Structures are given as C-alpha cells and as structure tokens.
Amino acid sequence: MKKNHIFSYIVAILFCISFTSFVLWHEGQDLFDISFLIINLTNVAVASMVVTIFHKTLLYNAALSTAQLRRKLVPLFFVFLFSVILLSLLIFSLGLYLLFLIKGYDTSGFLEHLIQKEFPVVFTPLAIGILVSSIVFFYHTWRQSIDREQQLREENLIYQYRNLKSRVNPHFLFNSLNTLSELIYADTQKADNYIQKLARTYRYILDNEETALIPLSEEITFVTQYFDLQKERDGDKIRLEMQLEQTAPYKIIPVSLQIVVENALKHNAASEDNPLVIRLHQAGGYIEVFNTIRKKHSLPAGHSPGTGLVNLRERIRLTTGKEMRIVRDEHTFSVKIPLITM
Amino acid sequence: MKVLIIEDEAPASARLIRLLKKIDPSVEVLDVLRSVEQSVNWFHSHPLPALIFMDIQLEDGISFELFDSCRIETPCYFHHRL
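Chains as they are written, first to last, in the working numbering: chain A, 1 to 342; chain B, 1001 to 1082.
Hints listed in this document are in silico derivations from the structure and should not be mistaken for laboratory results. Treat the numbers as computed from the prediction; the structure is a model and nothing was measured. Check the hints yourself; a few may be wrong.
Stated by the list, open to error - Listed next, the stretches of chain A that the computed footprint assigns to chain B, with coverage defined by at least 3 CB atoms under 8 angstroms from CB atoms of chain B:
no., stretch
1, 99-105
2, 266-272
Said to hold, decoys possible - Computed spacing ranges between beta-carbons, pair by pair:
no., chain 1, residue 1, chain 2, residue 2, range
3, B, Asp1024, A, Phe174, 42 to 50 angstroms
4, A, Gln160, B, Phe1067, 40 to 48 angstroms
5, B, Met1001, A, Leu206, 43 to 51 angstroms
6, A, Ile195, B, Met1001, 47 to 55 angstroms
The beta carbon of each residue, even a glycine, is placed where N, CA and C say it ideally should be.
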C-alpha cells in the first residue's frame, strides 16, 4: 500500500506541473508540444492509477490456477485501456473547460472546438500515454502475482513447519494411545478399528502436505474419522452433525475443517447431559462450522490461543482470495470457510 | 478398602479400575464421578472413602473447586493429562 501512496503523490505533483504548463501554454508561451505531452501523460497516469486500484480487487480475487488468471488478464486489459482513454479524455476536457471558464472564454461552442481542434492534436500524445500506462498495468499485475506467490509460499512454509512440529502431534497421539490402551482390554475388534482410523488420519495429513485444494467430500470423510477417534474417548459428550447441500463440485483447503473442529473441542466443555454439538452446515460456496459455546474452566497454563486458526485464515486468503469468517455471539461460535469450484 | 474415582473420561476411569483390581482385588470402587457438580452432591450425601483418585480437569471445571464446598479429609491422589 505504501508504494501506491508514493506513486499517487508523484502523479499528483506531475498533474500540478502539467496544469501550470497548460496555463503557460495558453498564455502563448512556446511550450506547446511539451506541455501537451505532459498533460496527456499525466492524465493517462492518473487514469491508470485509478483504474489499477479499481482492478486490484478483481485481480486478487482471481482463481488459483495461472491459466484462469491468464484468461482473465486479456479482457481485463482491454477494459483497462478503454477506461483509461475515456478517463484521460474526460480529465483533459474538464481541465480545458475549467480554463475556459477561468479565462472567461466563450463556452458556447466548446464541444465542437474540443472535437474539431483539440482532439486531433491530442491523439499522438495520448497514444504515447496509453503505451506507458499499458506498461504500468502489466508491471503492476506482474508485481502483484509475485507478491502473492511469495506470501503464499511463506504461509505454506509456516504451515509446513507447524505441521512438521505437530506431524506426529504428540498431544493427539498421547491421548489416542491412552484411549487405545484401554480399548485393547475392552474390545479387541474395536481397538483394531481404532488403530486403522488413527493410521488413516496420519496418512491423510501426510498425503496432503503439498496439496493446495482437496475435494470437499474427502475432507469431510477425514473430519468424521477424526471425530470418531475423539468419540471413543468422549462418548456421548460430543456430537457431530452435518447438513450438506452438494459436496461434489467443491474443493477446500486440506485439514481445514479438522483444525476448526479440533479448536472447538479444545476450548469447550462437554458432558453427557449437556453434550457439545458441532454442526457442519454447507450451503452454496461456504461451509460453516457451528458450536455452542460452553466455557471451559481449565488450568490457566493451558492451550495456545488458537494460532492454528490464524494460520488457517492466512492460508485460505492466499490460496482462494476469499476470507474465512468467524462469528461469535453469546451462545454460538461459528467459522465460515469458503469453498472453491474448479 | 473403599475408594472413589473422580474422572470425566470413560476410558481413563475404566483403566484405573482395571489397574486397581489387578493390584488388590478387594478394592471397592464406590463410584465414578464425572463432574464437579456430581461430586459435590456425592460428598454431601455419602461418607468419605479411604482414598480418592482425582482427575484435575473435569467436565464442568477443575477438581480443586471441590475443596471450596466440601470438607475432604481423605488422602487424594491427583493426576492430570495433557
């Protein structure tokens, strides 16, 4: 953002200089060619800055694949060109009209004067200006995509590092093994099922370390598996409910739902009379994870303050361009995760 | 010997019972309590056992809260999981 600020200041200064030149030219000074050039270059610069900022949002919301970005780029460029030409002609005409008013010139035939006399002369400088702003446009797009890639790589590194640290996830493993050890005595078959599920959980995490997006149905299966493991320990104290519309066309960031569910389990108390219900609701391009807030009285030296969610938010933003949304009120906590159609 | 177990996780309490029986089959587990509320009610209506096994994190709070509302003069053995 800072760079854009400097850019706009420079442009503003140039604009002032050009307007002064314009006035001087009209006074009859022989700055004709140069001032015209400056005026139009500046107009185009202003226009391109305005339009680039406007299009920044469109570019940021571009889909993940570079192919799709490439497809959008060409029509976007033409929209940009058209808007720039229009805007700069408008600014030029307005500036000239203002000058006419200041000078007290006759404004009755202004439009004809504009079209017949000014525009033909303006053409060449305008063309030069368009060339320059095209370069600006592509440079800006290129910069953005590099920055975005850099950020994504960084966040992925952070995630991989965290994942690596917790790949074995001692906390989760410790709890699972304790539960497992009792299962072995109680029910060998159940114990074996438990082991299979546990292995599959780690398998999923390992397999999808490098994957950016995964089919929603797979992530849901994974979350259900993870929850089944937890249920072995917590029984009827916890419950997972699902309201899914249509999972087939959608993809999601891997391990995202699990992080949210794990977070809910970590921070809420549960009992058999008052079970903790976690509800997955999918509608349209979003999946939402609700849970009733059940404040947990626990030891203060407890858990890290949901840094998993913060990292998840960043990964979602950088990979999909959309935002994860957390809504918290008195009774409910919900996390809304955007889905991608590809 | 009469013991009481205060533990909110079923597998963990099952395990404790199994281990106790292994060590001394004559141990009598009076009850397995899951929450602070349940425990407070129990202590107000039962005589004290010889030994109490207490988990620190219960369903609705921390077991230390018990000592605010009950007079427990029995030896307590605390354990805590991650």
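Could you check the hint for me, namely that Ile195 (chain A) and Met1001 (chain B) are 47 to 55 angstroms apart, CB to CB? violated, 36 angstroms
Starting from the range 43 to 51 angstroms, see whether the pair Met1001 (chain B) and Leu206 (chain A) falls in it by beta-carbon distance. Given about 48 angstroms between the Cβ atoms, the range holds.
Outcome of range test on Cβ distance (Asp1024 (chain B), Phe174 (chain A); 42 to 50 angstroms): Given about 28 angstroms between the Cβ atoms, the range is violated.
Taking the beta carbons of Gln160 (chain A) and Phe1067 (chain B), is their distance inside 40 to 48 angstroms? holds, 46 angstroms
Proximity test - 8 angstroms, beta-carbon atoms, the stretch 266-272 of chain A to chain B, at least three hits: With 4 residues in contact (Cβ-Cβ under 8 angstroms with chain B), the coverage given for the stretch 266-272 of chain A holds.
Whether chain B covers the stretch 99-105 of chain A (at least 3 residues having a Cβ closer than 8 angstroms to its Cβ atoms): Three-residue rule not met by the stretch 99-105 of chain A, so violated; n is 0.
Hint violations for this structure: numbers 1, 3, 6, all remaining hints satisfied.
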